[in-house]
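**Q** Protein chains in written order, with my numbering: chain A, 1 to 279; chain B, 1001 to 1416.
Honestly, the hints are just simulated from the structure, not real lab data. Please note that a few of the clues may not be correct.
Listed below are several chain B residues computed to face chain A (Cβ distance under 8 Å; list not exhaustive) [what the hints assert, rightly or not]:
(1) Gly1009
(2) Gln1014
(3) Ala1019
(4) Tyr1070
(5) Ala1072
(6) Leu1152
(7) Gly1154
(8) Val1157
(9) Arg1164
(10) Gly1165
(11) Met1175
(12) Arg1176
(13) Val1182
(14) Asp1184
(15) Val1285
(16) Gln1300
Within a straight-line C-alpha distance of at most 25 Å, the following computed SDA-like cross-link-like pairs (lysine to any residue) qualify [said to hold, decoys possible]:
(17) A/Lys155 / B/Arg1033
(18) A/Lys155 / B/Gly1402
(19) B/Lys1007 / A/Glu26
(20) B/Lys1007 / A/Gly106
(21) A/Lys155 / B/Arg1106
(22) A/Lys155 / B/Lys1100
(23) B/Lys1007 / B/Ala1252
(24) B/Lys1100 / A/Thr153
(25) B/Lys1007 / A/Arg158
(26) A/Lys155 / B/Asp1029
What you are looking at is a predicted structure, and each value in this text was computed from that prediction instead of being measured. Quick reminder that beta carbons are idealized off the backbone N, C-alpha and C, glycines included.
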Amino acid sequence: MSRIAEAFADGPAFVPYLAAGDPDYESSLAYVEALERGGADVIELGLPFSEPIAEGPTIQSAIVRALEAGMTPTRYFEFVEDLDVDVPLVCMTYYNLIYQFGEGGGPADFVRRAAEAGVDGFVVPDLPAEEAGPLREACDEHGCELIFIVAPTTKGERLERIMSQVSGYVYVQARLGTTGARADLSDRTAESLERVADWDVPKAVGFGISTGDHAQRVIEAGADGVIVGSALVDIVATGAERGDPAVTVASKLEGKARELKEGALRGASGNERPHPERT
Amino acid sequence: MSSDTGKFGEYGGQYVPEALMPAIEELEDAYERYVLDNEDGFMDDFRERLADFGGRPTPLQRADRLSERYDAEVYLKREDLLHGGAHKLNNALGQVLLAKYMGKERIIAETGAGQHGTATAMACAHLGMPCEVYMGRRDINRQRPNVFRMRLNGADVNPVTVGRGTLKEAISETMRDWAANVEDTHYVIGSVVGPHPFPAMVRDFQRVISEEAREQAREQAGRLPDSVVTCAGGGSNTMGVFAEFVDDADVALYAVEAGGSSLEVDEEAGVAPNSATLSTGTEGVLHGSRTRVLQDRDGQIMESHSVSAGLDYAGVGPELAALVDRDRVTAVTVDDDGALEGFHRLSQLEGIIPALESAHALGYVEDHHDDLGDVILVNVSGRGDKDLETVLEETHGRDIEGAPDIDTFETTGGFQ
Ligand SMILES: Cc1ncc(COP(=O)(O)O)c(C=O)c1O
């Protein structure tokens, strides 16, 4: 079983996101580690790209901070190596950075280096299944997962195409638009989950989840995991703005992570569904 | 060209978030039916509106004094006379009309110089569609007349403050809006860039420039030109004026990029002091397609620069990039000073105030007319009214050949 599959195997998975290097290298290491203490099962670690078209203002600002503090693909891999966490890591970034790395002109060098640093999988929001062949191959060669997003608009043939390519987990986008914490929970979640119900990978729901209560409801709706980015990045942003010490921000992140993880656990306790077969 | 696969050699493709893919497939289908197959008489409707509302055909004018200066026959394709003052209307009208045929209810667009935003706002007013335009804060400041024009036509202008506040940030922001509202909204992309089918579709809407120009050259010069020269930002007027000449092997095609202040790149700062993507860029993936882009060694997109907002973009159309790779199109550059000189020269010798974008093409002809043959066709992609404040500011304190004494304008307050 892959490390990501294991992370989903017993109970609902809490999958937080932070941008690596936001607002600076050292603090960011502490923040990611705090997420694990708060109960993270998988961590999505953003590698900042200058044109993050799938991101809302919160994560976009995080990316700007990280880039300004000197984050690069090379630094990112060092960051992953410097991290002291045991949970699987998913690299979330855009295709141009993957494509340009090393010799350039293809994803092979990037995936090799990522796997060596300890990355378990990738989410690449601007790479639809149609264009993903070369990256899929490189992932297979290095034992990495390639996670795809299914949007509320994804239907018919596109679902099939993604199903045949996805591994690790399927990222179920809870609402249209870009990333960003919302006060309410989209009513399209259940409908979206329905469409991937018979896929043999775990289903993790993201986009707009910001509270333990949301997390609970997402799991109750049938998800195997919850992905939370902006609500956590907000804490980093506020800390950076106010100049709070990193330990203070880290402990807030840990607290927020715990709230979200506990929400997910509550959602599962009333929810004794058999888990789908894992590969 | 293979618009069916969306690839031009290695370039093109569809690199967009999953939420947008169904909309792009829907657009692909609409492009094939309405634009390529003229379903429901779409293309007839489009051409009729281009004539009645847009003022097509635009003239191909023999420029007598330039001809004398260069000892060649110089013809100007006058896209500056198109309604709105630039070639941008061809595409904007085509796309807004297409959106209407598709049953979309809302139009969004991005704009650099404001010409595309203006054209889109006009097309929307003409066709009764609500319109929102994203524009970088910096571009809003340097293209104020166009901001006002968009608002006069009923469009909302949304300032984009991230990054340097230019076209590339505005495109990213418009893609975000599209991702959130994709079900009822059409994104009118402003050039031959973005995911398939945009590059092919925008070219087909702009193709009318070369359809006319080719016929007009035959009639007026009695033959095809030896060379066609035009500016290239994203490449829409470029592909428009080249499209029908691509198969004419004897016609040389020149895409003139913005050389800005220098062709050297500041790697440290991640800034290219130019927008010369074809000439200095490398292959990458930006805003939905694989193409040439200005990027650093890691693949981060660089800030570009040009005195003309409409050329200030770090990417370029994938088809144009492929034509340059195939040596069918020659990519060249003219710097900010050369463009300013071209601006003043055309204003004084021909009584035509060109857009700063178009002035790049005129700058190239000045320096290289000896290599361009006996019949030279220059595309004047737009008029320069929008650029007057910029030209005043940029000419002041520089040694621009042929410029009027700019200081007198200031002391008499003539421009305020
Ligand atoms: C007058 C004019 N010419 C040229 C351009 C460059 O665009 P493209 O290269 O797509 O024609 C612009 C863009 O705004 C413009 O306004």
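**Q** If a hint holds in the structure, say so; if it does not, say that too.
**A** A quick look at each hint next to the structure:
Here the hint on B/Gly1009 is broken, as its CB sits about 14 Å from the closest CB of chain A, past 8 Å. With a least beta-carbon distance of about 6 Å to chain A, the hint placing B/Gln1014 at the interface is held under the 8 Å criterion. For the restraint placing B/Ala1019 at the interface with chain A, the shortest Cβ-Cβ distance is roughly 4 Å, inside the 8 Å limit, so the hint holds. Because the smallest distance between the Cβ of B/Tyr1070 and any Cβ of chain A comes to about 41 Å, over 8 Å, the interface hint for this residue is violated.
For B/Ala1072, the suggested interface contact is broken, since its CB lies about 42 Å from the closest CB of chain A, more than 8 Å. Among the interface hints, the one on B/Leu1152 is violated; its C-beta lies about 29 Å from the nearest C-beta in chain A, farther than the 8 Å criterion. Interface hint at B/Gly1154: violated, since its Cβ lies 25 Å from the closest Cβ of chain A, which is beyond the 8 Å cut-off. For B/Val1157, the interface hint is violated, the least distance from its beta-carbon to any beta-carbon of chain A being 19 Å, above 8 Å.
Annotation: interface hint on B/Arg1164 violated; nearest CB of chain A at approximately 11 Å, more than 8 Å. The beta carbon of B/Gly1165 comes no nearer than 13 Å to any beta carbon in chain A, farther than 8 Å, and the hint placing it at the interface is violated. Contact between B/Met1175 and chain A, as hinted, is supported at the beta carbon level, the nearest pair being about 5 Å apart and thus within 8 Å. Using the Cβ-Cβ criterion of 8 Å, the hint placing B/Arg1176 at the interface with chain A is satisfied: the shortest such distance is roughly 5 Å.
Annotation: B/Val1182 was flagged as interfacial toward chain A, and the flag holds, the nearest CB pair being 6 Å apart, inside 8 Å. Violation of the interface hint for B/Asp1184 is found here, the shortest Cβ-Cβ separation to chain A being roughly 11 Å, above the 8 Å cut-off. The beta carbon of B/Val1285 comes within 4 Å of a beta carbon in chain A, closer than 8 Å, and the hint placing it at the interface holds. At a threshold of 8 Å, the smallest CB-CB gap from B/Gln1300 to chain A is about 4 Å, leaving the interface hint in force.
Note on A/Lys155 and B/Arg1033: the hinted pairing holds, with a Cα-Cα distance of about 22 Å set against a maximum of 25 Å. A distance of roughly 61 Å separates the Cα atoms of A/Lys155 and B/Gly1402; the hinted pair therefore is violated under the 25 Å criterion. For a cut-off of 25 Å, the pair hint linking B/Lys1007 to A/Glu26 is broken: about 43 Å separates their Cα positions. At roughly 17 Å between alpha-carbon atoms, B/Lys1007 and A/Gly106 fall within 25 Å of each other, so this suggested pair holds.
For the hint linking A/Lys155 to B/Arg1106, the alpha-carbon distance of about 23 Å falls within 25 Å, and the restraint holds. Proximity of A/Lys155 to B/Lys1100 is assessed by CA-CA distance (about 24 Å); at most 25 Å being required, the pair is judged to hold. With a C-alpha separation of about 24 Å, the suggested pairing of B/Lys1007 with B/Ala1252 holds against the 25 Å cut-off. Restraint check for B/Lys1100 and A/Thr153: satisfied, since their Cα atoms lie roughly 21 Å apart, inside the 25 Å limit.
A threshold of 25 Å between alpha carbons decides the hint, and for B/Lys1007 with A/Arg158 the separation of about 20 Å falls inside it, so the pair holds. For the hint pairing A/Lys155 with B/Asp1029, the CA-to-CA distance comes to about 16 Å; that is within 25 Å, so the pair holds.
Checked against the numbered hints listed earlier, the structure breaks hints 1, 4, 5, 6, 7, 8, 9, 10, 14, 18, 19; every other hint is satisfied.
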